[in-house]
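Undergrad: Chains as they are written, first to last, in numbering that gives the first Met the number 0: chain G, 0 to 347; chain R, 0 to 207.
All the given hints hold, so there is nothing to weed out.
A few chain R residues facing chain G, derived, Cβ under 7 Å: (1) GLU51; (2) ILE55; (3) LEU59; (4) GLY63; (5) VAL67; (6) LEU70; (7) PHE71; (8) SER130.
Label pairs and their computed distance ranges (CB to CB): (9) PRO126(R) <-> GLY187(G): 23 to 31 Å; (10) ARG48(G) <-> TYR140(R): 54 to 62 Å; (11) THR165(R) <-> LYS68(G): 47 to 55 Å; (12) VAL99(R) <-> ILE160(G): 38 to 46 Å.
In short, the hints are calculated from the structure, not lab data. Virtual Cβ for every residue (Gly too), placed ideally from N, Cα, C.
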Amino acid sequence: MQGAGVDWAVIQSVAWTLVKIMAVVGPLMLAVAYLTYAERKVIGWMQVRIGPNRVGPFGLLQPIADGLKLLMKEIIIPSGANRGLFVLGPILAIAPALAAWAVIPFTDTLVLANINAGLLYVMAITSMGVYGVIIAGWASNSKYAFLGAMRSAAQIVSYEIAMGFALVGVLMAAQSLNLVDIVRGQSGGIHQWYLWPLFPLFIVYLISGVAETNRAPFDVAEGESEIVAGFHVEYSGMAFAVFFLAEYANMILVAALTTLMFLGGWLAPLPFLNDIPGLGWLLGDGMLWWLLKTAFILFLFLWFRATFPRYRYDQIMRLGWKVFIPITLVWIVLVGAMMQTPLGHLFH
Amino acid sequence: MTYTTAIFYFFAAILVFAGLRVITARNPVHAALYLVLAFFTAAGLWMLLEAEFLAIVLVLVYVGAVMVLFLFVVMMLDINLDKLREGFWNYLPLAGFVSVLLVIEMTLILGGRHFGLEVMGAPGPRPADYSNTKELGRFLYTDYVYAFELAAVILLVAIVAAIALTLRRRKDSKFIDPAEQVKVKRNDRLRIIRMPAAKKPDGGEGRA
Numbered sequence: 000m001q002g003a004g005v006d007w008a009v010i011q012s013v014a015w016t017l018v019k020i021m022a023v024v025g026p027l028m029l030a031v032a033y034l035t036y037a038e039r040k041v042i043g044w045m046q047v048r049i050g051p052n053r054v055g056p057f058g059l060l061q062p063i064a065d066g067l068k069l070l071m072k073e074i075i076i077p078s079g080a081n082r083g084l085f086v087l088g089p090i091l092a093i094a095p096a097l098a099a100w101a102v103i104p105f106t107d108t109l110v111l112a113n114i115n116a117g118l119l120y121v122m123a124i125t126s127m128g129v130y131g132v133i134i135a136g137w138a139s140n141s142k143y144a145f146l147g148a149m150r151s152a153a154q155i156v157s158y159e160i161a162m163g164f165a166l167v168g169v170l171m172a173a174q175s176l177n178l179v180d181i182v183r184g185q186s187g188g189i190h191q192w193y194l195w196p197l198f199p200l201f202i203v204y205l206i207s208g209v210a211e212t213n214r215a216p217f218d219v220a221e222g223e224s225e226i227v228a229g230f231h232v233e234y235s236g237m238a239f240a241v242f243f244l245a246e247y248a249n250m251i252l253v254a255a256l257t258t259l260m261f262l263g264g265w266l267a268p269l270p271f272l273n274d275i276p277g278l279g280w281l282l283g284d285g286m287l288w289w290l291l292k293t294a295f296i297l298f299l300f301l302w303f304r305a306t307f308p309r310y311r312y313d314q315i316m317r318l319g320w321k322v323f324i325p326i327t328l329v330w331i332v333l334v335g336a337m338m339q340t341p342l343g344h345l346f347h
Numbered sequence: 000m001t002y003t004t005a006i007f008y009f010f011a012a013i014l015v016f017a018g019l020r021v022i023t024a025r026n027p028v029h030a031a032l033y034l035v036l037a038f039f040t041a042a043g044l045w046m047l048l049e050a051e052f053l054a055i056v057l058v059l060v061y062v063g064a065v066m067v068l069f070l071f072v073v074m075m076l077d078i079n080l081d082k083l084r085e086g087f088w089n090y091l092p093l094a095g096f097v098s099v100l101l102v103i104e105m106t107l108i109l110g111g112r113h114f115g116l117e118v119m120g121a122p123g124p125r126p127a128d129y130s131n132t133k134e135l136g137r138f139l140y141t142d143y144v145y146a147f148e149l150a151a152v153i154l155l156v157a158i159v160a161a162i163a164l165t166l167r168r169r170k171d172s173k174f175i176d177p178a179e180q181v182k183v184k185r186n187d188r189l190r191i192i193r194m195p196a197a198k199k200p201d202g203g204e205g206r207a
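Based on the provided sequences and hints, a complete structural model is requested.
TA: This is the structure:
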C-alpha cells in the first residue's frame with residue numbers, strides 16, 4: 000500500500016482528531032439542548048410558574064421535541080434576500096462558537112489542542128462570531144433585521160475591548176497564554192483563584208460576557224418590543240435553530256472561560272478533597288468541579304435574564320466605554336505595579 | 000509535494016482569488032466580505048511561517064474589529080458603483096504610476112541581497128513549548144524598545160488628531176447626565192404629606 004503514496008499515519012491522526020472533535024461537539028450540542036430546558040424551568044420557577052412539563056417526565060423531552068419541530072419546518076428564503084449570504088449567516092454564527100472549543104481544557108490532560116497561544120486563539124475566534132449576525136441582518140433585506148445587526152455589531156465591538164483588557168489581567172497574573180497553565184497557576188485552594196486579586200476584572204468579564212452573547216439585559220439586538228426579533232426575524236426552521244444553538248453554545252463557552260480564568264477550572268476549592276480515601280478521584284481536581292463551576296456561571300446568566308429589565312441602548316454604550324474600559328485599565332496598571340512590590344505574590 | 004506545500008498553495012489560491020474579488024465585486028458589501036476572507040487566509044499563511052502571534056492578532060484586530068466597522072459603514076452607505084467607475088480612465092495613469100512604484104519597491108526588498116531566501120530562509124521547526132508571543136514581547140521591550148515606544152506615540156497622536164478633527168459638539172442635543180440620575184434621592188422627587196382622612200358628608204363610612 001505504501002506504493003500508492005498514501006500516508007496512513009496522517010490519515011490515522013486526522014481520523015483520530017475527528018473522533019475527538021465529535022467527542023467535544025456531541026456532548027456540547029446536548030448541553031445546549033438541555034440549557035434551553037434549564038432556562039425555561041429556572042425562569043419559570045423564579046416567576047412562580049411550572050415551565051415545560053408536558054413532553055416526557057418533568058418535560059425532559061421538550062428540547063428534543065422542539066428540535067424535531069424546527070427540523071421539520073420549511074426554511075423560507077425571502078424573495079428580496081441575498082440567497083448566498085442569507086444561508087451563510089447562520090453557518091458563520093455557529094462555526095466560531097464551536098471552533099473555540101478546540102483549546103478549552105476540561106482537565107489538565109483532557110484538551111483537544113493544548114496550544115501556547117490558547118487565550119489569543121479563543122479571543123480571535125470568538126471575535127469572528129459577529130459576522131454571522133451582521134451578514135444575516137444585511138442579507139435578509141429587512142429593516143428590522145438590519146437594525147438588529149447594527150445594534151449587535153456596535154455592542155459586540157465595544158464590549159470586546161473591555162473583555163480583552165480583562166483577559167490581559169489574567170495573562171499578567173498567570174504569565175502565560177496557555178489555558179492549562181492559567182488554571183495551574185491557580186492551584187492551592189480557593190484563595191489562590193484569580194477571582195480575588197482580579198476581582199474587578201472578573202466582574203467586568205462576566206458582564207461583558209453577557210453583553211457579548213447578546214443575552215438579557217443586553218439583548219437589544221433582538222429587542223422584541225421595537226424590532227420584533229432583530230437579526231433573525233426573517234429566518235425560519237433549522238436556519239433559525241442554528242442561531243439559537245450558536246447563542247447557547249456561546250453562553251457555555253463564556254461560562255467555561257470564566258471558570259478557567261477566574262474560578263480555577265477543574266481544581267477543587269479545598270486541596271484536601273484530593274486526599275479523601277475512596278472519593279478523591281471524584282471530589283478532587285477533575286471534571287466534576289469544571290462542570291459545577293460552569294453550571295453555576297450559566298445559572299447566573301439565566302438569573303440575570305429573569306431579574307433585570309433590558310438596558311437602554313445609550314446606557315449599554317456608556318457602560319462599555321466609560322465604565323468598564325477605565326476600570327480594566329486602572330486595574331491592569333495596579334496589578335502591574337503591585338507585582339513589583341513585596342506584595343507581588345498576592346497577584347502571583 | 001509535502002503536506003505544508005499543499006496547504007500553502009491552497010491558501011495562496013484562495014488569497015489571490017479573494018483579493019481579485021475585492022476589486023472586481025460589484026456589490027461593495029461583497030467586496031468587504033471578500034477582504035475579510037483575504038485577511039483570514041493571510042493569517043493562515045502567516046501561521047505556516049510560524050508567526051502565530053501575528054496571525055492570531057491579524058484575525059483579532061482586522062477581521063474581528065476593523066472589518067466589522069468597515070462593513071458597518073459600507074452597509075449603511077448607498078454606494079452607486081457605476082458612478083464610482085466613471086473616472087476610471089482619468090485615474091488610470093496615476094494609479095499605474097503608483098502600482099509600478101510599488102512593484103519596484105517590492106522587488107528591491109524581496110529580490111535583493113538583504114531579504115532574499117539565502118539570508119532569510121524558512122524558519123526551522125521549533126519545539127512545541129516555544130512561545131512565539133513571549134519571544135516577540137521580549138524583543139519589543141528590550142532590543143527595539145525605542146522604536147516600539149516611538150511607534151506607539153505616533154499612533155496616539157494620530158488617534159488624538161482623528162478625534163479632534165471629527166469631534167463637534169452639538170448645542171441642541173439633549174442628553175442625560177447619569178451621575179445626576181444616580182444622585183437623586185426619594186425626597187427630591189416625592190413629598191409625602193400627612194392629611195386627615197375626610198369624612199363623608201352624611202357621616203360614618205361604608206354604609207353605602
